[in-house]
Amino acid sequence: MISPKLKRTFIAWALLAPLVVVTLFPFAVMFLTAVKPAQEVLTPSWWPSEFRWRNFYDMWVAAGFGQALVNSLRVSLIATIGAILVSIPAAYAMSRFRFAGHGAFRHFLLVSQMISPIVLVLGLFRLLASFGLVESLNAVGGVYMAFNIAFTVWMLQSYFDTIPRDLEEASWMEGGSRWLTLRKVFLPLCVPAIAVTAIFTFINAWNEFVVALTMLRSQESYTLPIQVFSLVAGRYTVEWHYVMAATLVATVPVAILFVWLQRYLVRGLALGAVK
Amino acid sequence: MHNRALPYLLTLPSLILAAVVIFWPVVDLIQIATHDVSRFGQLRDFNGVANFSALVADPDFIKALLRTGVWTAAVVGGALLVSIPVAVILNTDFYGRSVARVIVMLPWAVSLTMTAIVWRWALNGESGMLNSALRGLGLADQNIQWLASAATAFPMQIMIGILVTVPFTTTIFLGGLSSIPDDLYEAAALEGAGPVQQFKRITFPLLKPFVNIAIVLNTIYVFNSFPIIWVMTQGGPANSTDILVTHLYKLAFRVGKLGEASAVSLVMLAILLVFTAIYIRLAMRGERA
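Chains as they are written, first to last, in this note's numbering: chain A, 800 to 1074; chain B, 4 to 292.
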C-alpha cells in the first residue's frame, strides 16, 4: 500500500526531473572539468581518469586568482559598507516620519531600481573619466554603492516597518532622547535585517559585470568576473580546467550564502511590495 | 517637538548619491545624443535628432531591436510557463521538498557571468560536455557547433535566460500560493472539483496579481540583461545574436559611435520608464488593496 505522500513524492520529482537535470548540468560540467587532468580536458569524456585536486592550487597562480579576489573583496566591501551607512538613516526616516516628499522618494527608489547600469554605462564611463577615475577600484565600489541604495533603503524600510513603535515610545517616556533610543533600542533590534541586507548588497557587487568590464582596463584592477572572463574571451587556447576551477571557487561560497539567506530576501521584498 | 528638517537630512545623502549616478549620466547622454560627437567624446555642433535618424536607418539597430523583443518575450514567457507548475509542485507536501527548492533556486545564486562562462564551455563544439552527453545518450550522431551560428546559439541563450529567471519567478509565485487559504481547496474538493478545475477556478485567478508583477519585473530585468549574450557570443557571429544592450556596448566601446550609442541608451531608457510606470501602477494597486 503506497501512502498518498509517497505517491505525491514520485509525481513531484518526476515532473521536476527535467528542470533538475538542466539546472545541475552546468554545475556538473564546472566540477568535472575543474578536477580533470590537463590532457583530458579536451577529450569528450565526462568522468576524469583521476581527480586532480592540484588544479585548484595551480589555478590560483595561473589564473591570477589572488589579485582578482582581493579586488573583488575591496569593491564589494566599499559598496556594502557605504550603501548600508547611507541607507540606515534614510530607511529610518522613511519608516518613522511622515514628511512631504515621502511618496515621491519611494517612487524615485522604485524607478532607480529599474534602471540597470548597462543603460547608463557610457554616461557613467564619462562621469568617472572626467574625474580621472577610470581604473579606480574605489570609484567602481562607489558606483556599486550608489546603484544599490535603492535596494538597501527599500529592504531596510520594509524591515523597520515591522518593528513595533511601542518600544521606542516607552524609551521616550522614560526620558531617552531620540538618538539614545535609536542606538540602544531600535538599532539592536535591526541587526539581523541590516546583516541580511548587507550580504545581498555584497553579493550584488561581487557578481557585477558590465560596470567592471567598462571601467577596469588593466589586469591588476580586474575583479573576479572580469578576470575569469578575460581567460576565456579572445584567446586561442583556453585552459578550461583552470577557468572552471576559478568559477567554482569564485561561485560556491557566495552561492551557499545566497541559498541560505534567500528566504529573507523574498520576505523583505514581499514586505515592501505588499504592506 | 520634532525637528521638521530631520527626515530630510536623513534621506538627503542617499538621494544625492542615487541621483548623481543616474541624473548626471542621463543628462550627459542627452547632450551626446543631440550633438555631433568625436570618437573621443568631444561635442561638436548640435545636430538635433540626426543620431536618432542614423539609428533608424541602421539595419543592425533595427535587427537588434526586434531580437530584443524576441529575447524578452521568449525568456519572460518561458520562465512563466516553467515557474507556475514548479511553484505549484513545490507548494505541495512531498519527500525531499526542501532539497528540490534549493536545486530550483541554485541558478539565482550564481552570477550570470559565471553561468554564461560555464555554458560557453559546455556548448563548445569539439569538446563541450553537452555534445558528449547527447552523443552518449544517442541523441546526436555528430558534434553540434552550438555557438557558431545564431540558429543554435540564440535559442540556447534563451534557454539559459529562462533557467536563470525561473528561481525569482517561482519565488514570487510561492509567495502568492502561500497566501491562498487551504479551506478554499477543501471546499472545492467537497463540491467535487478535480485538481485541474481547482487550478483553473482557484489557483490561477488568485495568482494573477503575482503573475502580473512577475511579468513586468522580469521584462525589465531581461530587457537589461547583458552578461549571458556578451559572455557567450559577444553578439556574434556577425552581430547575429546582438540585442540592444550588446549593440549599445559595441557602438560605445568598440566602434566609438558615441552619438548613436547615447541615442540607443535613451531609447532603452524610454522603454524602461514605460515598464516601470506599469509596475508602479500594479504595485500601488496592491498597496491600496
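By construction, these hints were calculated from the structure, which means they are not laboratory data.
This one's a predicted model, so the numbers in the text were calculated from it and none came from an experiment.
Honestly, I wouldn't trust all of these hints.
Quick list of in silico lysine-lysine cross-link-like pairs, BS3-like style, CA-CA up to 27 Å [to be verified]: (1) B/K253 with B/K66; (2) A/K804 with B/K66; (3) B/K66 with A/K806; (4) B/K66 with B/K260.
Legend entry - 27 Å limit on alpha-carbon distance, applied to hinted pair B/K253 and B/K66: holds, 14 Å
Legend entry - Agreement of A/K804 and B/K66 with the hint, judged by alpha carbon distance not exceeding 27 Å: violated, 51 Å
Legend entry - B/K66 paired with A/K806 [C-alpha distance capped at 27 Å]: Violated: B/K66 and A/K806 sit about 49 Å apart, past 27 Å.
Inset, instruction - Quickly compare the C-alpha distance for B/K66 and B/K260 to 27 Å and report which way the hint goes. - result: holds, 18 Å
Hint check: violations occur at hints 2 and 3; the rest are consistent with the structure.
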